[in-house]
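Visitor: In case you want the letters, here they are:
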Amino acid sequence: MTDNIIITGFGGQGILFAGKILAYTALVKGKKLSWLPSYGPEMRGGAANCHVIVSDEPVGSPIIITPNILISMNKPSLDKFENDVVPGGTIIYDKTLIDREIKRDDVKVVAVDATGIAAREAKANMANMIMLGALLKSTGIFTLEEIRAGVEKAVPPTKKDLIDYNMKLIERGYNL
Amino acid sequence: MAIVFKKPHALTDAPFHYCPGCTHGICHRLVAEVLDELGIEGNAIGVAPVGCAVMAYDYFNCDMQEAAHGRAPAVATGIKRVHPDKVVFTYQGDGDLAAIGTAETVHSAARGENITIIFINNTIYGMTGGQMAPTTLPGQVTQTSPYGRDIKTQGNPIRISEMLSTLDGPSYIARVALDTVPNIKKAKAAIKKAFQNQIDGKGFSLVEVLSTCPTNWGLSPAEAIKRLQKDMIPYYPLGVYKDIDDENK
Amino acid sequence: MSEKVLMKGNEAIGEAAIRSGCRHFFGYPITPQTELSAYMAKKMPKIGGVFLQAESEVAAINMVYGAAGAGARAMTSSSSPGISLKSEGISYIAGADLPCVIVDIVRGGPGLGGIQPAQSDYFQVTKGGGHGDYHLIVYAPNSVQEIVSLTADAFNKSEEYRVPAMILGDGTLGQMMEPVDFDSVPEPITTNKDWATTGTGLKREHNIINSLYLSPEALEKTIIERQKRYDIIKEKEQRYEAHDIEDADIVVTAYGTTSRVVESAVKTLREEGLKVGVIRPITLWPFPVKVFAEAANTAKAFLSVEMSMGQMVEDVKIAVNGKAPVYFFGRTGGIIPTPQEIIEEVRKIAGGLK
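Chains as they are written, first to last, in my numbering: chain A, 378 to 553; chain B, 53 to 301; chain C, 563 to 916.
Mixed in with the good hints, there may be bad ones.
[Said to hold, decoys possible] No farther apart than 30 Å at their CA atoms in a straight line, the calculated lysine-lysine pairs in the DSSO-like style are these:
#, chain 1, residue 1, chain 2, residue 2
1, C, Lys689, C, Lys755
2, A, Lys537, A, Lys406
3, A, Lys530, C, Lys604
4, C, Lys790, C, Lys910
5, A, Lys514, A, Lys480
6, A, Lys537, C, Lys604
7, A, Lys536, C, Lys566
8, A, Lys472, A, Lys485
9, B, Lys282, B, Lys138
10, C, Lys879, A, Lys406
11, A, Lys480, A, Lys406
12, C, Lys798, C, Lys765
13, C, Lys910, C, Lys879
14, B, Lys254, B, Lys204
15, B, Lys138, C, Lys605
16, A, Lys457, C, Lys879
17, B, Lys238, B, Lys59
18, A, Lys409, C, Lys566
19, A, Lys485, A, Lys514
20, A, Lys409, C, Lys879
21, C, Lys604, A, Lys409
22, C, Lys604, B, Lys254
23, A, Lys514, A, Lys536
24, C, Lys765, B, Lys254
25, B, Lys138, B, Lys237
26, A, Lys530, C, Lys605
27, A, Lys536, C, Lys879
28, B, Lys254, C, Lys829
29, A, Lys530, C, Lys689
30, A, Lys530, A, Lys545
31, B, Lys138, C, Lys608
No lab work stands behind these hints: they were computed from the structure.
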């Protein structure tokens, strides 16, 4: 079993961090994995994406051409990656920021008011956690308990208080 | 029989290859005398340049590294960071230090790297046969400024001591000349201070030594000394350009 | 076994270097190797080591020259354009027989090129780069875990042979995170560095670190002596990973990141029933010629896949020595070949073989 996950949006939305949580969760669970960020001159506001492979077997190429899971947090990235998702795959998108429907009818679609909820209940830039919750709920890739272990590893030791905060939002996304 | 004069211990027995009348020999001797007098030969690591002094590694008895053209301060930095307790010095000419190695010179000075630099300024590239140097005086005829250095097209000379003295890093910057006995004595005192500063952990020191190149200037050794006095010293005034000991008084 | 942690490739190089006894790192910022410098800047002061950001790549490599000449395990890192600048210093380091490790996280070229992954500096790192008859021992890891062991090997082998070593990666390898442990890091070897400039203490003749020999006879002698060491390295240090080559009709070869893509492609091809094997050079110099020569006795064709316009393929041809056709497929400029492209290329070759 292999999950090829692309998480994508603007820099500053916590795209890479969301990927890191998945990678750490896979690590704790004893899965094989790779985490590959896009990199470039832009630090904030530019396109950001992150490839996370979680597998029972050793990971070959860390570059994902056809994801089975796409988490999209802005419209340009959805436009770019929508057609790459394998038939039967899952597209989870932030409907606060993306004002269009998914054109594909051969994939599972999950629309999440992630940035809206995050802005109202926490901070807009925590929408990534809502999206992770929705991912868990719609794909079952990890349980809430498993991802907590990943969050604990991904959050720097100096910011321990953020663990519960992140988990609260992941649970919020899970229970939508 | 009493010994009245002998070769410093810090110089090897290898005969110098320098031209007759060249002041490199004097400067080597001054550095070696200072190494002897401070008792640091066994503790010193020198870095030779590319230029006439390229084979300085054969002349000094201490451990030596030969650097690529202009890179001596970077090489010295690497050595000093490995052996902070050793005395590390470079010996460089004007092409090496003030042209191709300008960045290494300026940045080792700005870092206040605790090394000592002996800088030979003779206003010409000697080893390659007398081309225009960054320190070549306006109007000076060289192989590559055959009609005299035209500052409109060939630029102005660089006064390294003045330039580096504007930085916060250096502890001691002085310009000396090897034209007369009193000046040679002053040169030695400056070189000694530049080494002592390093031993005392005060940071970057550089002594600019105005020197002659009779061969490439096309002058006799005696005429060369006169040119140094008449043309060079007015353009490159002697003196101490920076001394943190004075500033701290 | 200790617990695995997630690390970026660039950071893993830094940690492995520190564990290999490296305490002197001289850097200069360039994408995509920056994390390595940042890691060293953070760690070195805490363990009594030195991190120094030089004024240029040129200065950084010459600081390595000084530090290595003074007997330290020294490292610098850069990416393609910076390696071009360091090439002067690398030539001097090779000429002075100094051990050190240089990291090259390759990006697209020529010129400023791009910042995305590339393998277009194979010629530069295996055939020279700087001037003169010299070689680097070049290691090309393909995973974060392998980065760790090869970084340690690079320091040890460099010291054993007094030949500078290089870790060659690319942006993908440097930026990706994978689980890694440091159990496999071999102990730093100790060699007698009686040649180093450590101060004579007035107890011995002075040591001279130098690459200048004005007498051609003396220069030739040092080059021939060094060549003998190169010959030993070529005999003893060829490293590669190979699988399924015994019965392979087609052997696909790639190194570094590209080899990961090749593995994905070959998996699919073998499931289709095609007899495809893989040789992955781990050392690019010395090139693992022996395994290619052996595979050439049975394989009907070779395919070199690279992120270049065809550089390693020349060494594959030399190793195969005309016994089988050698094909090439490459993408460049920062484009990584896809498994599908490789699959199609192999199918095309297989079709021609029938």
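Visitor: Please go over all the hints and tell whether each is borne out by the structure.
Guide: Results for each hint:
no.: 1; hint: C/Lys689 with C/Lys755; result: holds (28 Å)
no.: 2; hint: A/Lys537 with A/Lys406; result: holds (21 Å)
no.: 3; hint: A/Lys530 with C/Lys604; result: holds (20 Å)
no.: 4; hint: C/Lys790 with C/Lys910; result: violated (43 Å)
no.: 5; hint: A/Lys514 with A/Lys480; result: holds (22 Å)
no.: 6; hint: A/Lys537 with C/Lys604; result: holds (21 Å)
no.: 7; hint: A/Lys536 with C/Lys566; result: holds (22 Å)
no.: 8; hint: A/Lys472 with A/Lys485; result: holds (15 Å)
no.: 9; hint: B/Lys282 with B/Lys138; result: violated (39 Å)
no.: 10; hint: C/Lys879 with A/Lys406; result: violated (45 Å)
no.: 11; hint: A/Lys480 with A/Lys406; result: violated (35 Å)
no.: 12; hint: C/Lys798 with C/Lys765; result: violated (37 Å)
no.: 13; hint: C/Lys910 with C/Lys879; result: holds (19 Å)
no.: 14; hint: B/Lys254 with B/Lys204; result: violated (40 Å)
no.: 15; hint: B/Lys138 with C/Lys605; result: holds (25 Å)
no.: 16; hint: A/Lys457 with C/Lys879; result: violated (40 Å)
no.: 17; hint: B/Lys238 with B/Lys59; result: holds (20 Å)
no.: 18; hint: A/Lys409 with C/Lys566; result: holds (11 Å)
no.: 19; hint: A/Lys485 with A/Lys514; result: holds (13 Å)
no.: 20; hint: A/Lys409 with C/Lys879; result: violated (36 Å)
no.: 21; hint: C/Lys604 with A/Lys409; result: holds (29 Å)
no.: 22; hint: C/Lys604 with B/Lys254; result: holds (26 Å)
no.: 23; hint: A/Lys514 with A/Lys536; result: holds (26 Å)
no.: 24; hint: C/Lys765 with B/Lys254; result: holds (28 Å)
no.: 25; hint: B/Lys138 with B/Lys237; result: holds (26 Å)
no.: 26; hint: A/Lys530 with C/Lys605; result: holds (20 Å)
no.: 27; hint: A/Lys536 with C/Lys879; result: violated (55 Å)
no.: 28; hint: B/Lys254 with C/Lys829; result: violated (64 Å)
no.: 29; hint: A/Lys530 with C/Lys689; result: violated (44 Å)
no.: 30; hint: A/Lys530 with A/Lys545; result: holds (16 Å)
no.: 31; hint: B/Lys138 with C/Lys608; result: holds (23 Å)
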